[in-house]
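The opening position of the sequence shown corresponds to residue 320 in the numbering used here, with each subsequent residue numbered one higher.
Some hints here could point you the wrong way.
[To be verified] Pairs of lysine to any residue residues, derived as SDA-like cross-links and limited to a Cα-Cα distance of at most 25 Å, are as follows:
{"no.": "1", "residue 1": "LYS328", "residue 2": "ALA358"}
{"no.": "2", "residue 1": "LYS328", "residue 2": "LEU342"}
{"no.": "3", "residue 1": "LYS328", "residue 2": "VAL373"}
{"no.": "4", "residue 1": "LYS328", "residue 2": "VAL376"}
{"no.": "5", "residue 1": "LYS328", "residue 2": "VAL347"}
{"no.": "6", "residue 1": "LYS328", "residue 2": "LEU364"}
{"no.": "7", "residue 1": "LYS328", "residue 2": "SER368"}
{"no.": "8", "residue 1": "LYS328", "residue 2": "ALA340"}
{"no.": "9", "residue 1": "LYS328", "residue 2": "LEU374"}
If you are wondering where the hints come from, they were derived from the structure by calculation, not from laboratory data.
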Amino acid sequence: MTRLDDSAKRRVIALLALAIAALVGRAVAGSAGAPPIVARALYLLALGSLVATVLVVATE
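All chains should be built: construct the whole structure from the sequences, respecting the hints.
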């Protein structure tokens, strides 16, 4: 197993923070009565961030 360099670590942290923020935003949007498309878009953003995190780790 190889170690990630500093820039890869920063990208992973930023992508994970984005995924968490999107999921929190999805929960807030759902409780605030936002249209379902907003919740779905935030869910897809979180999912995309997690996929990007896996790609960063796999390519480093």
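> Against the structure shown, which of the earlier numbered hints fail to hold, in ascending order?
Replying inline: Result: hints 1, 5 break, sorted rising.
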